[in-house]
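With the hints as constraints, model all of the structure from the sequences given.
Protein chains in written order, with our numbering: chain A, 1 to 118; chain B, 1001 to 1421.
By construction, these hints were calculated from the structure, which means they are not laboratory data.
Be careful, since some hints might not be right.
[Claimed, not checked] In silico DSS-like links for lysine-lysine, alpha-carbon gap of 27 Å or less:
| # | chain 1 | residue 1 | chain 2 | residue 2 |
| --- | --- | --- | --- | --- |
| 1 | A | Lys29 | B | Lys1350 |
| 2 | A | Lys29 | B | Lys1346 |
| 3 | B | Lys1407 | B | Lys1355 |
| 4 | B | Lys1359 | A | Lys29 |
| 5 | A | Lys43 | B | Lys1355 |
| 6 | A | Lys43 | B | Lys1346 |
| 7 | B | Lys1407 | A | Lys84 |
| 8 | B | Lys1350 | B | Lys1311 |
| 9 | B | Lys1407 | B | Lys1359 |
| 10 | B | Lys1355 | A | Lys84 |
| 11 | B | Lys1407 | B | Lys1311 |
| 12 | A | Lys29 | B | Lys1410 |
| 13 | B | Lys1359 | A | Lys110 |
| 14 | B | Lys1168 | B | Lys1311 |
| 15 | A | Lys84 | A | Lys43 |
| 16 | A | Lys82 | B | Lys1359 |
| 17 | B | Lys1310 | A | Lys29 |
| 18 | A | Lys55 | A | Lys72 |
| 19 | B | Lys1316 | A | Lys29 |
| 20 | B | Lys1359 | A | Lys43 |
| 21 | B | Lys1350 | A | Lys43 |
| 22 | B | Lys1311 | B | Lys1390 |
| 23 | B | Lys1168 | B | Lys1316 |
| 24 | B | Lys1407 | B | Lys1310 |
| 25 | B | Lys1311 | B | Lys1280 |
| 26 | A | Lys29 | B | Lys1311 |
| 27 | A | Lys82 | B | Lys1355 |
The lines below spell out each chain.
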Amino acid sequence: MEEYLLLMRLDLLTKEAQPSPEQLQEYMKQYHDWVGGIAAQNKFNGGTGLSTEGKVIKTNNVITDGPFAEIKESIAGFISIKAKDFDEAVALASACPILQGAGNSVEVRKVVSVHNKN
Amino acid sequence: MENGELIPHLFRMEYRKIVSVLAKYFGSPHIDLAEDIASETFLTATQTWGINGIPVNPAGWLYAVARNKAINQLKRNAFFEQSIAPEIKSTQSLFTSMVESDIDLSPGNINDSQLQMIFCICHPSLPREAQVGLALRILCGFGIDEIATAFLTNRETINKRLQRAKQKLRELEIAIALPQEPEMEERLDQVLTTIYLLFNEGYYSVSGQQPIRRELCFEAMRLCYLLIENQQTNKPRVNALLSLMCFHASRLDARTAENGELILYDDQDQSLWNSDLVSKGAYFLNQAASGSDLSAYHLQAGIAYWHTQKKDTAEKWENILQFYNLLLQLEYSPIAAMNRTYALSKVHGKEFAIKEAEKLRLEENHFYYILLGELYTGINNSSARVYFEKARELANTSAEKQIIGVKLDKLDQARPYNNSG
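Pasting the structure below:
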């Protein structure tokens, strides 16, 4: 088994794109159904959703507010999973409920272990 | 209570108190001595009470005799001269009064000693089954035969296991004391695991004798309550564990038929559920909610709470599913994975749950085939039958095979309705 990091990105900036409290509650259920399904297969390592607050530090120690990249989508959460290969990791990631929202994305990255020369 | 029942009951209750106080006094290397004195005390009681009748205050009588036996033992014993108080050996009367005042069998010291003993017995250097065995013997006052029955083994095995464990406590000089922070957190987790194992041994083992299994459950709850009574150990997750055990124990009367067979949840007579234990569970769950600690016990207590609501509502299963989702993120276990999938079927339907169940890949586990059988029931009864039969083939005990047989019978009864659409 190899370790993969799933980075969930969505639009935290556009006001109209933000969910109502009721919607958010429903989204959280969907999110936990998805992660729970991965964990039920014993393929969940850890990770969580992130608060929308953040700071970005750039070279020369320039600090700006917001966890925001130059693009509209910010990282909203990350989880680490176990999968036998990229295909399986992508299959697990593709069920992520945030992908129901237009413009959102999940990035799948393989973790390089110091013990793993691959 | 007749004398025939009173004496064994009293002995079990008082044995553990006397052993804990004396062992605390002598130190953990001398647990055997404490046990011997307690046993001798009961032997003397049996002989004397048989002739003179039971005294007015039997517990007080036992304490006085135990104290005298301890003092006599100390006077004789070389270990006292060398290790406890060489300087006072010359003054016998002073010695006697000192020991008398030190061997404190007051309710407060009995509780403190038992609590400290829990931490000693649940020391991480001991194997888990030895911890449970010692807990049953020293903290619960069970006889060796009773422990052997509970573990489905024989006296010799249990005796050896306990002797090895006590040897280990001697070698490592484990103190009978409460650990200090920050060590407390980790040691408390050990204690809670052992208490929960003790409870599960009583609740889930499908074989073994019914009265003993019941007592295992209540003893586990009593030990957990000892932790709650002490400020240092009264933490949210301890309350969560007690809450969980109260909720489960509320169904003890309803889940066993007169012939000893297990009655499944859906078939239980709800009027036999113990509402007093349900409200106690709710009380401790409320206590557990202080602070930000969200342990696996909290989540399991939440699940157990919803199981005290027999009616199938969307709210019930949605909550159970979410608790299982979180529980699995904290710690994976096959049984939690399967229970989650069952909850999923209640929330999102059987077809959806079947797809998720097939990803679990727990082919060696007979419960997995029971789950698949349940999910296929009403969807495809002939597949359900194949899975239930596979489960029965893999089941370890006759009690489990019997439960699966009930499910197969139900499938037969359901068939005409399904066939007619």
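Hints versus structure:
Between Lys29 (chain A) and Lys1350 (chain B) the alpha-carbon distance is near 19 Å, which keeps this suggested pair within the 27 Å criterion. At roughly 15 Å between alpha-carbon atoms, Lys29 (chain A) and Lys1346 (chain B) fall within 27 Å of each other, so this suggested pair holds. In summary, the hint linking Lys1407 (chain B) to Lys1355 (chain B) is supported, as the alpha carbons are separated by about 22 Å, within the 27 Å threshold. Only pairs whose Cα atoms come within 27 Å are accepted, and Lys1359 (chain B) paired with Lys29 (chain A) is accepted, the gap being roughly 20 Å.
In summary, the hint linking Lys43 (chain A) to Lys1355 (chain B) is supported, as the alpha carbons are separated by about 17 Å, within the 27 Å threshold. For a cut-off of 27 Å, the pair hint linking Lys43 (chain A) to Lys1346 (chain B) stands: about 23 Å separates their Cα positions. Distance check on the hinted pair: Lys1407 (chain B) and Lys84 (chain A) sit about 37 Å apart at the alpha-carbon level, beyond 27 Å; violated. Proposed proximity of Lys1350 (chain B) and Lys1311 (chain B) is supported: the alpha carbons are some 19 Å apart, at most 27 Å.
Only pairs whose Cα atoms come within 27 Å are accepted, and Lys1407 (chain B) paired with Lys1359 (chain B) is accepted, the gap being roughly 24 Å. Annotation: proposed proximity of Lys1355 (chain B) to Lys84 (chain A) holds, straight-line Cα distance about 20 Å (limit 27 Å). This hinted pair checks out: Lys1407 (chain B) and Lys1311 (chain B) have alpha carbons roughly 20 Å apart, not beyond 27 Å. Pair hint Lys29 (chain A) plus Lys1410 (chain B) does not hold up; C-alpha atoms about 34 Å apart against a cutoff of 27 Å.
Using a Cα cut-off of 27 Å, the hinted pair Lys1359 (chain B) and Lys110 (chain A) holds, with the two alpha carbons roughly 22 Å apart. A distance of roughly 50 Å separates the Cα atoms of Lys1168 (chain B) and Lys1311 (chain B); the hinted pair therefore is violated under the 27 Å criterion. Only pairs whose Cα atoms come within 27 Å are accepted, and Lys84 (chain A) paired with Lys43 (chain A) is accepted, the gap being roughly 10 Å. This hinted pair checks out: Lys82 (chain A) and Lys1359 (chain B) have alpha carbons roughly 14 Å apart, not beyond 27 Å.
Annotation: proposed proximity of Lys1310 (chain B) to Lys29 (chain A) holds, straight-line Cα distance about 23 Å (limit 27 Å). Taken as a hint, the Lys55 (chain A) and Lys72 (chain A) pair is honoured in the structure, with Cα atoms around 16 Å apart against an allowance of 27 Å. The straight-line distance between the Cα atoms of Lys1316 (chain B) and Lys29 (chain A) is roughly 14 Å, inside the 27 Å bound, and the hint therefore holds. At most 27 Å may separate the alpha-carbon atoms for a hinted pair to count; Lys1359 (chain B) and Lys43 (chain A) meet this at roughly 11 Å.
A C-alpha spacing of about 23 Å is found between Lys1350 (chain B) and Lys43 (chain A), which places the hinted pair at or below 27 Å, so the restraint holds. Only pairs whose Cα atoms come within 27 Å are accepted, and Lys1311 (chain B) paired with Lys1390 (chain B) is rejected, the gap being roughly 30 Å. With a C-alpha separation of about 47 Å, the suggested pair Lys1168 (chain B) and Lys1316 (chain B) falls outside the 27 Å cut-off, and the hint is violated. Restraint check: the Cα-Cα separation between Lys1407 (chain B) and Lys1310 (chain B) comes to about 19 Å, which is no more than 27 Å; the hinted pair holds.
A distance of roughly 20 Å separates the Cα atoms of Lys1311 (chain B) and Lys1280 (chain B); the hinted pair therefore holds under the 27 Å criterion. Among the hinted pairs, Lys29 (chain A) with Lys1311 (chain B) is consistent with the structure: their alpha-carbon atoms are about 22 Å apart, no more than 27 Å. Simply put, Lys82 (chain A) and Lys1355 (chain B) have alpha-carbon atoms about 20 Å apart, close enough for the 27 Å limit, and the pair holds.
The structure fails hints 7, 12, 14, 22 and 23 (numbered hints given earlier, in ascending order).
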